[in-house]
Every structure is written in structure tokens, then in C-alpha cells.
Amino acid sequence: MIKFESVVKKYPDGTVAVNGLDLVAPSGKITVFVGPSGCGKTTSLRMINRMIEPTSGTIWLDDQDTGKVSESTLRRGIGYVIQHAGLFPHRTIVDNIATVPLLLGWDKKKARARSLELMERVGLDPNFARRYPAQLSGGQQQRVGVARALAADPPVMLMDEPFSAVDPVVRGELQDEFLRLQSELGKTIIFVTHDIDEAVKLGDQVAVLKVGGTLAQLASPAELLTDPVDDFVAGFVGRDRGYRALGFESGTLDAASEQTVKFGDDSATVLRAGRDGWALAVDEARRPLGWVRSAAVPSGKQVGPELLHRGGTLASVSGSLRAALDAALSSPSGRGVLIDENGALVGTVTAAEVVQRIESHLHARRDQHDEGAVSGG
Amino acid sequence: MINGIIEWLSDGEHWSGPDGITARLLEHLQYSFSALAVVLLIGIPIGLYIGHTGKGSVAIAGSANALRALPTFGLLLYLVIGYGDKLPTDWIYLGPSLFVLVVLGVPAVLSNTYAGVQNVDPAARDAAKGMGMTGMQVLLRVELPNALPLILSGVRSAMLQIIATATVVAYVTLGGLGRFIIDGLSQQDYFQMAGGAILVAVLAVALDLAFAVIQRYVVSRGITGRYAAPAANADVVAAESKASV
Amino acid sequence: MINYLKNNPDNVSEWFFAHVWLSVVPVVLGLIIALPIGWVASHYRWTYPPITNLAGLLYTVPSLALFIIMPSILGTKILSPINMVVALTVYSVALLVRVVADGLNSVAPDVRAAATAMGFTGLGRFLKVDLPIAVPVITAGLRVATVSNVSLVSIGALIGVPQLGSLFTTGFSRYIPGIVLLGIVLCLVLALVLDGLIILGGRLLTPWQRAVAKR
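Protein chains in written order, with UniProt numbering: chain W, 1 to 377; chain A, 1 to 245; chain V, 1 to 215.
Any given hint might turn out to be false.
Here are the simulated DSSO-like cross-link-like pairs (lysine-lysine), alpha carbons at most 30 Å apart as the crow flies [claimed, not checked]:
id, chain 1, residue 1, chain 2, residue 2
1, A, 55, W, 10
2, W, 187, W, 3
3, A, 55, W, 68
4, W, 262, W, 210
5, W, 201, W, 68
Hints in this document: simulated from the structure, not taken from any laboratory.
Using the sequences provided together with the hints, build the complete structure.
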């Protein structure tokens, strides 16, 4: 657990970067600091490992006052990942990752072995071990940065915009892998970003900070989207809040079973299988391939890749309502395809069905609110 | 004319004896490398300190420029006639000579060391601190190895300047390859002068090349970019970097 | 120091102006020669390494050695100031070629592409776009070349070419430190003045930089 107790950072020129921050980041969870530039999010993060000293207030690491330990000891026990990775250009990847273990006095062999283990963990080809940072792409360097921070297995990780310098596709991959890694490791993480989408995607809880260094709202991502506390947070959280909040709503949908076709089926089979003029093609493992317009298969011809319409997105049956709604809206047949964890077809839902489910969730929540109001009053 | 110079250089008699080419060459190297050693002892620690702490960087930039304008030859003669008599006999000429060569070499080493440390990727320095390295560890394990290419090129240019200027100490009765130039002039023997000049030039070029080789092998391959195995993922890297532009 | 200046004003001023001439002419000639070579090195990328390596090698040769070797190449007399002018010109070219090439390379590709898109071609683009943008880098190189020239010229006194360095040898042979000091001070003053003039010239050629600095 990391606890901020009325922490203030004031610079000699009078600028107040952080103004009386009170906040608890629970153990094993990801707490995201998000806000516009000048809101003190990076300053707050850097005060935890004392890269910046607070002007007043205390930061607790579990029951240890961070101001009362030596800087080096404190920092060696906290993983630290920064925007441009900050790898040491003169050291190989394996030596970069082994930095903290070696500082802690591990023997070389053990530190190396640990490095290699971590490279695998973060999805790096072990062939990179003897390479230098300049030989790696930005995304790969950032993975090394994460591995290096994890090397001595610190319970706490500080991450300062670690994924903001890579392109959006790589960023998405890194975020997904980061979440997978965290589900295995359960570190206490403070993550700084200026990107509200990233905050909402990664955070167990999100702290929205305002310019001047005050906390505007501390909430779960879903709550932040559905119930912003003031105009600033509402504006910062941005457009499409209602739709994006659906990303945190899941609910069992009654999937309608779907007749499917395979490559090689003839036009007659397709006509029989199709509903409302569309049939879903799947492969041997029943993984959806795309939709076929029943009328588009000339008689005597067979279904092949050239007849597929691939516009529809796929939604996991246990996933969010947002993904299900998107699958339905993007499907040429109007039926959203739901799949299981193996990628195999479960069935389809229409947009109307998803919306109905959403409506019922809203009703349930409204009733809760009303009850709360009655009993509270 | 060229033939005369070649003749002078290839005459075996000119190479042997206490005032032969071999002896003069060794003297020249002795002056130069003693001065260079002092230059390194002064320039590198101060450069590292200023680069690491950022204190005094303004003074550096200013004095480096002013020192470049200082005429070394004049300073040498001034020190010999102004202060030589205050020194022990053996040092009347040697002291001012070494002093001038040191003054000549320090700015290049000092300012390059400082610039090398300053130029270390701030993210690498921040990461090093953040991982719990002490100030000294950051300096020795991160800043110094990364500053090495610039430090070495400073040492290289200091060395060349010192080798070149060590020629003029012959004017104040000392030895070294400059002897041939000074003696040749007073004896009106152009071949000897030109022979000496060519020897100095060859020495400078040879040491420069030798230094270039050392430089290649001392600096981490991660910084020079000379990797052992060609990057198998080079295409991937190229594709990715293009995509992000 | 002052006495010598009072008693020999003609000598000193003659040496001073000889020194000015010997310091400035090689830099001017050097720049004129280095511009086209530097342009080639920046325009045809494959020529950059051989050109800058050759320049680096030339720069390695000690100046005094170059003064002395010149007569055997040029057929001049050993005391002729031409030797020094040519040798220092070679030096200035060696230094400035790299500076010019790097300066031209520092022009942002976007700016270059925009200039080409607006219809600038070849020489026009070089004179109106690339060169002005490279001025600050070239100015810095000129300052180094000029200031070191002032010091290098004085070494020519060793082989008897008259200029401010003659004050060093005169003072030394008469054992009067003041005369040597006068030479040193005048060299420093000259270097300072020339340096200032180059900075001023660079500013006049790049009014946009001042506009930024003022803001």
C-alpha cells in the first residue's frame, strides 16, 4: 500500500506542483494518475521514490515513512519505468535488466539467469540478450524497461508514461501484455499517463488530477465514466462517456444459435443456412471467418474466401456489453458474433438485444439509487 | 628539393647518436606524453565533476574560448624569461615548456569530458538514479562509459595539439624534433628543417591513427554501433521506425 | 611593454597589420574553397566520409611543419609569407569543409522538401534556403578557424616571418618579458576583435534568430 498524507510540493519560485494530496494506492492494484500537463502527476509519482523531495507531508510505503529510509535503499526496492525506457546504451540487454540485482549484490550468474527469465516473461526473444538497446525497436526497448524494473522482484512499481512514446498499435499490445503480466504478478503499481483512455483501460482505480496539483476525483474507471464528480472531470473524461462506460458492463447475453457454412459448400446449402439473406462461414474449429450473402453465391459455385464480408467485429461471450454492441452494429447481417475463449462461435445477438440488456442494467441501477435515497432520507 | 629532403632523412648517420633522429623522437614523445598525462589528471576529474553537478559550466565555456586565442609560443617565451630564473636549474626551460603544453591540452579534454557527461541521455541518468544508484555509481557506471567517445576525442585533439606544439620548445634550448627545424634554420640547412617538419607531421598522423584504433575498441559497441552479429530484426526495426515517423 | 610600444610604433603597427592579414586572408580563402566542397559532401552522401576523413588528416599535420614543407611544394622561399597563407588556407579548408557539410545537413528535410516543392532548384535553393539556414553553424566554425589562426600565425616567428610573433622572438633575444607580453596582449586583442566581428556578421545575416531571442 502506498499512502499520500497531505503531500505538498512547492518550488522555490512559488509554483505549487502538488497541493495537499491525500490518497491511498491499495496493494496489488494499479492506481493511475491522470490529468493535463502541469497537474503534478509525474511530480507525485517521483516523490514516492524521492527523485523529488516533498516540501511537506508524508508518503508511506506500507508502514514505512519513505522520508526515513536512505534514498538508494528505498529506490532499489521500487521498480521504476519511464517514458523513453532510459536503457543504458553501453550495456547489453541482459546486463541492463540485471542492473538492480547486481546493485543488491547478487552474484553474476544468478542475476543473468534472472534476466533471461524476465525477458521471456515480458515477451522478448532470448536472442536479444547479447544485443544493445540501439538494436531494438521502441516497443522492444520499453519491454526491456519493464523487465529491468521487475528484476529484483520489487513489490511496488512506478511507471511514468511508459507507453506514450510508441505508436498506437504497439502501445495497445504493450498495454495488453502489461495487464496479463500484472494478473500474474499482482504488484502495487502507480501508473502515470495523460491519456484518459489508457487510464480507463489499465487502472483498477484512477486519480484525476487538476492543474495546481489537487485531486479532482479518485474512482474506479466505470464510476469515473458514469459519474464524474465535476465539470473538470467530465470534460477531461471526454466524449462518448456513456458508450465507453459500456466497456465495464458485462452481462450474460442469450446468444441465438446460428446455422453456419464452410468453404466448399454449394449455393443451395448457403441458401438453406442463411437467415435474412446472410450466412456465417466458419473454419474447421468453428472459428468465424466472415459473412456470406446467400444470394451472392452463383448456382453451381462454392463458398470461398472471395465471397466473405469481413466487416463484423467479434465479441467474447464473457466480455463487455460495449464489445457485443459493437459486434452487432458492425456486422453486415445485423447479428453480432459472440465467441468463446478459444475463438469458437457461440452464437449471435442483435443490437436490439444488447440494448435491451443495457436498459435492464440501467433500471436496476436506478432502483438502487432510489432505495438509497429513501433509506438515507 | 624533395630529393634533398629524402636524402637527409635516409642518411643513417642522422638517425643515431644523442642528437640523432631516434633520440630526438624519444625526447619529443617524452615531453608530449608527460604533458598529456598531467592534462588527463586535471581535465578528466574536473570535467566529470562539472558535467555531473552542472556547477561552473558557464565558466568553462568562456575560458575554453579565451585559452584557444592564447598564443602558446609567446606564453612559453614569456614564462622562460619572466619566471625561469625562479626555478631550479633543470626546470628553467622544462618547467615552462610542460606548463604551456598542459595549458594547451586541458581545455579540449576538460570541455569534452564535461560535454560528454552532459550529453548522456537524461532518461538513462534518471533511470539509473531511480533504480537506486548512488551519485558515484551513476557517474562511474552510466555517465563515464557513455561520455567515453567524447572524452577520447578530446584526449585525441589534446594529444595532437601537444605533439605539434612540443616542436617549439626547441626554441628555448630543449630537444625534441623541433631541434632539426631550429638548427636547420640557423645553419641555413633547408633539408634538415624540412626533414624535421616531415618527421613531426608523420608522428602526428601515426599517433592519430593509432589513437583511432584504440578508440574503436575501448568504447562499448552499444554506443559505437559496431555490433557483433548483424541485427536479425533490422527489417522489423526499420519498418517500425518508419511507421512511427 | 608600454615603452617598447612608444619607442617602436612603426614596427609594432607593421607587425600588427601583417598579423591581421595573415590571419584573415586564409580564413576567407578557406571559406570560398570549402563552400563548394562542403556542398558536394552534403549533397552526394557517399562523398562525405572520404572528404571529411581527408580533411581530418590534413588538420592533423602540425601547422609549423606545414609552413616549412610548403616551399618544397610551392617552390617559394622559406621566409615568404605565401607559405603561411597557403598552409593556413589548407588548414582552414580542412576545418571548414566539415563544418559547411554539417551545417548544410542540419537544414531540416521538411524545409528542404518545402523549398523544392515551391520551385527552388539547385543553386537557387542552395543560396536562398540551405546556406542562410546553415549560417549559425558555419559562423561557429569560422570563429574557431580565425581565433586559432591568430595563435598559429605567431608561431611563424620561429622561422622568421614578421608579424606579432616577432615581438616574442625580439623580447626573448633581448630578455625583456614586457615585449613578449605586449605580443601576447596584442594577439589576444586581435583574436577578440576578429571573433566579435564574426559574431556580428553572423547576427546580421540571421535576423530571424534575434527575433526569437527577443521573445
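Cross-check of the supplied hints:
1. About 23 Å separates the Cα atoms of residue 55 (chain A) and residue 10 (chain W), which keeps this hinted pair within 30 Å; it holds.
2. Taking the CA atoms of residue 187 (chain W) and residue 3 (chain W), the gap is near 15 Å; set against the 30 Å cutoff, the hint holds.
3. Among the hinted pairs, residue 55 (chain A) with residue 68 (chain W) is consistent with the structure: their alpha-carbon atoms are about 28 Å apart, no more than 30 Å.
4. Restraint check for residue 262 (chain W) and residue 210 (chain W): not satisfied, since their Cα atoms lie roughly 55 Å apart, outside the 30 Å limit.
5. Restraint check for residue 201 (chain W) and residue 68 (chain W): the C-alpha separation of about 35 Å exceeds 30 Å, so the hint is violated.
Checked against the numbered hints given earlier, the structure breaks hints 4, 5 and satisfies all the rest.
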